Structures are given as C-alpha cells and as structure tokens.
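Under our numbering, think of the first position of the sequence shown as 32, with each following residue one higher.
Since the hints were derived computationally from the structure, they do not count as laboratory data. All figures in this text were calculated on a predicted structure; none of them were measured in a lab. Backbone N, C-alpha and C define an ideal beta-carbon position, used for all residues, glycine too. Heads up, some of the hints might be wrong.
What the hints assert, rightly or not - Estimated spans, in silico, between C-beta atoms of each pair:
#1 L195 <-> R84: 34 to 40 angstroms
#2 E376 <-> K300: 19 to 25 angstroms
#3 H183 <-> N64: 28 to 34 angstroms
#4 E291 <-> E376: 36 to 42 angstroms
#5 N64 <-> R85: 22 to 28 angstroms
#6 N134 <-> D81: 25 to 31 angstroms
#7 T272 <-> R99: 23 to 29 angstroms
#8 R99 <-> P251: 55 to 61 angstroms
#9 E376 <-> R234: 39 to 45 angstroms
#10 N357 <-> E291: 21 to 27 angstroms
#11 L195 <-> M41: 23 to 29 angstroms
#12 P303 <-> K60: 26 to 32 angstroms
#13 V368 <-> R99: 30 to 36 angstroms
Said to hold, decoys possible - Capping the alpha-carbon separation at 30 angstroms, the derived lysine-lysine pairs in BS3-like fashion look like this:
#14 K65 <-> K182
#15 K396 <-> K67
#16 K192 <-> K203
#17 K60 <-> K287
#18 K305 <-> K294
#19 K60 <-> K203
#20 K212 <-> K287
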Amino acid sequence: MWLCNKGRPMISIKFLKAVNGDCILISFKDSQNKAKNILIDGGRDATYFDRVRRKGPLKSIIDDIKHREEKVDLLILSHIDNDHIEGLLKWFEQDKKAPKFINEVWFNSGEAIAKYLNKPKNDDLDLFIADGSNVFTGVDEGIEFQEYLKKHNLDRDDIIKKGLERDFFNLKVNVLTPSHKQLEDLLEHYQEKTGDVKYTGARNDWSKNLSDIISEEEKPSFRFRQDRSEKNGSSITMLITHEGKKFLLLADSHPKEVCEALKDLGYKKENPVKVEFMQVSHHGSKANNNKELFDLVDTQNYIISTNSSGHGHPHKSVIARITAKNPKATIYSNYEVVVDNLLTEQDKTDFPELQVKLISEFHIK
C-alpha cells in the first residue's frame, strides 16, 4: 500500500514473512539524505534461513542493506520470545560479520533490568535464551543474545521503557511500554515460564461470524481477559512519528498498559491518536487487544503479522472488535492463508466495506 503526500521524504515499513512472529524493517532518509534502517525483531529462524530455499526474507534484506553499503542503525528486540528472537540468533550464527553492520541495539536484558531495579539478577531470565533445549525458545544453537551483544560491545545498561523519547535521525520515537511494574514482574516471575504453551497447536476460529461475536461481546456479562504473560507484557512498544505522520507498533504488549501510556500522552476516546496504521498486538490475540485500545486509536489500517501456525492467530474476536469500531476498516496480513480465509461469506455480506488484504510493505510520504 502507498500513502503519499507530495514533496515529503518517504519512509518504508516492511513486514517480513516471519512464520507466526514479527520481523519489521523501517527504512528512511535523515535530514542529510542518508539512508537509515531500523530492524525490529527477527521472527522464527526460518525468517533468516529457510532450509528449502537456503535464504529467508530477513537474510535477503540484510544482504540488500550490505549491498547498498548501509547498516542496521538500530536493532530492537521487543522482548524475549521465540517468534521474535530466533531469526536474529540465526543471523548472528551464520553471519560472522553481523556486528559490523549493527550500530545500536535496544534490548532489556535480565542483567540490565536487575541493575535498573537495584535487585538481584534472576538467572532464569537470562538462561531462558541460553538453554538451547528449552521448548519455549526453540533455539537449537543455544546462542545467548546478551552475551553476544557484550562480546561485540553492543550491549547497554540503560533500560528502554515507558516515557523514553528519542529523536532518531528525523524519526521521533515515543516508547509506550514496558512500564516500571512490567519490568519488575518480568524479573520476579520469569522462572514460571508459562508463556503461551496453552495455545500451542491451537486451531483458528475463523469460521465464527463477526456479527455473532459482536453481539456476544455487547452483552453486560462479557468480560475481557488480558494476557498474563510477563514476557509479552515486557514488550517494547512505540508510537513513531515521521514528518507529522504517526504509526503504532505494539509487539506482544498488554492493552491496559498501552492504553495508560496513550492517555498519558493526552489521547482519549474523544481525542484518539491518529495513525497511518496500527500493528495489532500479539498477532491478533484476543487477550492483547480490547475495545478500549481500539477506541484510543484512529486509523483505517490494521496490520497483523502471522501465518496462523501454532496459536491460531488472529483470533476472530479481535477482527470483530476492529469491525465494531470501524466497519470500513482494512485489515492487512503478510500471509495469503489469513487473507483468503479470515472472513466467512456471512461476514462479507454483513460488512461489505470491510477489507482484508495482503501486505509486505507500507510507504508513507
């Protein structure tokens, strides 16, 4: 999709096919017309290396960046989860020159969180990645992300959290989460490692009709149940502004804390934040996207990154919440299987202006 305003520099946001994870590349030019790249998460390991094609989409964009003699000016790992980190670890394993192409990294390690909170380090938090046999990470190579950063002088002690504002080469970044409490929760409770196991192998619920879900959730008895995963809650989420145009990247965040952060910035239901697009949290999970969140965001475009494997995302109730807010919305997915099967024939009759489209890249000008 192209979003253009004449005369303004263009920014490109690519949503790579990352299996059931996230991998996002933001490319733009600074005030000196020099190309800049921000890479957010790495998806599953196949995002970098596909055993059949010998090359995944992440490797392709890294190769392109190198060919243009550019760098990854900022690498962001939103949180420790296998569908966000595996592709980065695969890149580091297979490309020994990777550190030369990375200028800065945002990552809240267990060590940095403990130092920030002035508490003892929870070894489970860091070992979570290091243990290659851990079912929660699925990283056979056993590469420990923070040790890799330390080895190559890419680590940092400061914490990326709510309230941080950064002017990054003409790109304004407002960090919405994690909050102080979410960092405390992560450090204290991570050893439980419950994560999303209950969703493993879950089937999608796309055969449900939107009208039925909307009616069900309008009943007084309906209660939204927020995701309780500490690691998802610790996600680095951002409201990004470029030349007056905003977009919202929510990783696997919890809606309560995102709503609080948006309200702290002055937004409310009567004055929602206007964005070019909203990346729907946690690949469209029903526990990470509620009515209040959608009421605080004014947009036509909703992006969901997943091929629906593993967890059955996106949940149809999230599509219903979007539709109830905006029946003319456009929902984008980076996988054909979602685009082709998300809506029932009844949905198409009930909401003829609701669209589901395939996307790989946004251009905002």
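Going through the hints against the structure:
1. L195 <-> R84: 34 to 40 angstroms: holds, 38 angstroms
2. E376 <-> K300: 19 to 25 angstroms: violated, 33 angstroms
3. H183 <-> N64: 28 to 34 angstroms: Hint holds: Cβ distance 29 angstroms, inside 28 to 34 angstroms.
4. E291 <-> E376: 36 to 42 angstroms: holds, 39 angstroms
5. N64 <-> R85: 22 to 28 angstroms: violated, 35 angstroms
6. N134 <-> D81: 25 to 31 angstroms: holds, 27 angstroms
7. T272 <-> R99: 23 to 29 angstroms: Cβ of T272 to Cβ of R99: about 25 angstroms, so the range 23 to 29 angstroms holds.
8. R99 <-> P251: 55 to 61 angstroms: Between R99 and P251, where Cβ atoms are some 57 angstroms apart, the hint holds.
9. E376 <-> R234: 39 to 45 angstroms: Roughly 20 angstroms apart at Cβ, these two residues miss the hinted range, so it is violated.
10. N357 <-> E291: 21 to 27 angstroms: holds, 23 angstroms
11. L195 <-> M41: 23 to 29 angstroms: At roughly 26 angstroms between Cβ atoms, M41 and L195 fall inside 23 to 29 angstroms, so the hint holds.
12. P303 <-> K60: 26 to 32 angstroms: Roughly 29 angstroms apart at Cβ, these two residues keep to the hinted range, so it holds.
13. V368 <-> R99: 30 to 36 angstroms: Since the Cβ atoms of V368 and R99 sit about 32 angstroms apart, the hinted range of 30 to 36 angstroms holds.
14. K65 <-> K182: The hint holds at about 29 angstroms.
15. K396 <-> K67: Holds, at about 15 angstroms.
16. K192 <-> K203: holds, 15 angstroms
17. K60 <-> K287: violated, 34 angstroms
18. K305 <-> K294: The given pair, whose Cα atoms are some 13 angstroms apart, holds under the 30 angstroms limit.
19. K60 <-> K203: holds, 13 angstroms
20. K212 <-> K287: holds, 12 angstroms
Consistency note: the structure conflicts with the earlier hints numbered 2, 5, 9 and 17.
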